[in-house]
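**Student:** Kindly produce the complete structure, drawing on both the sequences and the hints.
Number of protein chains: 2
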Amino acid sequence: MKLDLWFSEVHNDNIAFSVRVKDILFKGKSKYQEIAILDTYDFGRVLILDNTFQTTERDEFIYHELISHIPLFTHPNPKDVLVIGGGDGGTVREVLKHESVENVDFVELDEMVIEACKKYLPKLSCKIDDEKVNLIITDGIKYVAETDKKYDVIIVDCPDPVGPAKGLFEKEFYKNIFKCLKEDGLMVQQTESPLYDLELIKNIVNYLKEAGFKIIMPYLYPMPTYPSGMWSFTLASKKYNPLEVDEEHIKNKIKNMDTKYYDEKVHKGIFLATPKFLKEVVE
Amino acid sequence: MKLDLWFSEVHNDNIAFSVRVKDILFKGKSKYQEIAILDTYDFGRVLILDNTFQTTERDEFIYHELISHIPLFTHPNPKDVLVIGGGDGGTVREVLKHESVENVDFVELDEMVIEACKKYLPKLSCKIDDEKVNLIITDGIKYVAETDKKYDVIIVDCPDPVGPAKGLFEKEFYKNIFKCLKEDGLMVQQTESPLYDLELIKNIVNYLKEAGFKIIMPYLYPMPTYPSGMWSFTLASKKYNPLEVDEEHIKNKIKNMDTKYYDEKVHKGIFLATPKFLKEVVE
Numbered sequence: 001m002k003l004d005l006w007f008s009e010v011h012n013d014n015i016a017f018s019v020r021v022k023d024i025l026f027k028g029k030s031k032y033q034e035i036a037i038l039d040t041y042d043f044g045r046v047l048i049l050d051n052t053f054q055t056t057e058r059d060e061f062i063y064h065e066l067i068s069h070i071p072l073f074t075h076p077n078p079k080d081v082l083v084i085g086g087g088d089g090g091t092v093r094e095v096l097k098h099e100s101v102e103n104v105d106f107v108e109l110d111e112m113v114i115e116a117c118k119k120y121l122p123k124l125s126c127k128i129d130d131e132k133v134n135l136i137i138t139d140g141i142k143y144v145a146e147t148d149k150k151y152d153v154i155i156v157d158c159p160d161p162v163g164p165a166k167g168l169f170e171k172e173f174y175k176n177i178f179k180c181l182k183e184d185g186l187m188v189q190q191t192e193s194p195l196y197d198l199e200l201i202k203n204i205v206n207y208l209k210e211a212g213f214k215i216i217m218p219y220l221y222p223m224p225t226y227p228s229g230m231w232s233f234t235l236a237s238k239k240y241n242p243l244e245v246d247e248e249h250i251k252n253k254i255k256n257m258d259t260k261y262y263d264e265k266v267h268k269g270i271f272l273a274t275p276k277f278l279k280e281v282v283e
Numbered sequence: 001m002k003l004d005l006w007f008s009e010v011h012n013d014n015i016a017f018s019v020r021v022k023d024i025l026f027k028g029k030s031k032y033q034e035i036a037i038l039d040t041y042d043f044g045r046v047l048i049l050d051n052t053f054q055t056t057e058r059d060e061f062i063y064h065e066l067i068s069h070i071p072l073f074t075h076p077n078p079k080d081v082l083v084i085g086g087g088d089g090g091t092v093r094e095v096l097k098h099e100s101v102e103n104v105d106f107v108e109l110d111e112m113v114i115e116a117c118k119k120y121l122p123k124l125s126c127k128i129d130d131e132k133v134n135l136i137i138t139d140g141i142k143y144v145a146e147t148d149k150k151y152d153v154i155i156v157d158c159p160d161p162v163g164p165a166k167g168l169f170e171k172e173f174y175k176n177i178f179k180c181l182k183e184d185g186l187m188v189q190q191t192e193s194p195l196y197d198l199e200l201i202k203n204i205v206n207y208l209k210e211a212g213f214k215i216i217m218p219y220l221y222p223m224p225t226y227p228s229g230m231w232s233f234t235l236a237s238k239k240y241n242p243l244e245v246d247e248e249h250i251k252n253k254i255k256n257m258d259t260k261y262y263d264e265k266v267h268k269g270i271f272l273a274t275p276k277f278l279k280e281v282v283e
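Protein chains in written order, with our numbering: chain A, 1 to 283; chain B, 1 to 283.
Wrong hints could be hidden among the right ones.
No copy is singled out in the list; a pair is fine if it fits within one copy or between any two copies.
Unchecked claim - Cut-off 30 angstroms, straight-line C-alpha distance, at most; resulting in silico cross-link-like pairs (DSBU-like, lysine-lysine):
id, residue 1, residue 2
1, Lys166, Lys119
2, Lys202, Lys253
3, Lys279, Lys265
4, Lys255, Lys202
5, Lys119, Lys279
Treat the hints as calculated values from the structure; they're not laboratory data.
**Tutor:** Set out below in structure tokens:
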């Protein structure tokens, strides 16, 4: 008998997204969460934390390209980068495509996620051991509160705002992010679904304003395996405006970066295409 | 006992999207398909054809604004419009927001869809009986093959390319669409998911080229209740380029149109934001 196995993420008690499963590759319980890596028919290998889709081999390029190349091409010369979360390694992989980047401090709370992804998701985790990457196993909230280091770009590749990740969406955290950025620094964060979490996005934008950021711009992208499939990042910048970057500069650099989603047109287009109801949140 | 009722659309045998159901408002079988209208907890009222999500009260604004305002603002003065499909009436409702529009020929195959939507989806169907709307119950494929009329804009608001809708994605149909457009006319069609149907989109683009269209541009948007949540329209134009429209003109007109997604920035941004892998299909 071939078992007809499905994994379902139920969101909000009222919707569910399900994928048919070939095999369970890994199942573990860390100090922080339950971790599973599944092999699925349609989305390849899939990382699940606490029964929630985190990333899949099929659609990860959308998320990881857009969380990385948008901020790194908004900054004219990013050297020091901090990545908080994203234990699968996909964000670090994209960040390292930028030759200007000299050092990536990679702060992840859960070592078991790193180890499982290194073993079962090599397409994502392939650069975690790169010599430019400095892996620090600790709480990102604590890290930005305590460190004296200053970065050009900070990327917050966080899960949903529940459990240990809750503090990654609170006022204090954004103040510390601001403190940890150089005078012309900028940050990007995963900021949930504009369909389900518009109030949360409003709060984040207000916290970012209070923290002192001059330019705050949410942007939207499709994410097939996240609830509603309609997801957002928010960029907050002290100086550089993503709409004012030199398109030719991106065009020259991106050629060798092997992207599938991002290019120099997408860079500006994605902000212009932000739906009216989401833009209104920032005003 | 309160029945814990769910409706699931299984796509490709390997993924499923499910919504929890309050009530079944309508269930019928026409000559062409099975029709249901459900009341759901998260998406309001939902139209289902042959077990496939067509439209929902919660996310319909995305689809209907983008299938209507993009072509109607790309054309400088649209008067005669043909809408094929879209029996729920959402597209016709948005088309009629354009004061320049004098006549909408609304060709729908299935009268039972019209009647059910008039009764149970009034937020969408509210303009079907407008005096500018000329409802014609017939096959859109046959209609464009036989009519001598010429339109400024044709909108093909079609279901998936199976059953009676298959011909809406074939070479002959696009030739007839071209024939039914004035010298400066343009069309837009619903063209499935770039994640699942990239080959189909390639074929459509080639057929549109063969038919004689000079400007062919797919665009992407999130559609929570469609498989993968990542969906496309394709615009094909004889003369006008959507990137060359006057932004101020749109800004002045859109003020009174009560849109939630579309505005003058989205108009151009949505094309610039087309992901690299989808743009490559057109080249």
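**Student:** Which of the stated hints cannot be reconciled with the structure, identified by number in ascending sequence?
**Tutor:** Violated hint: only 5; rest satisfied.
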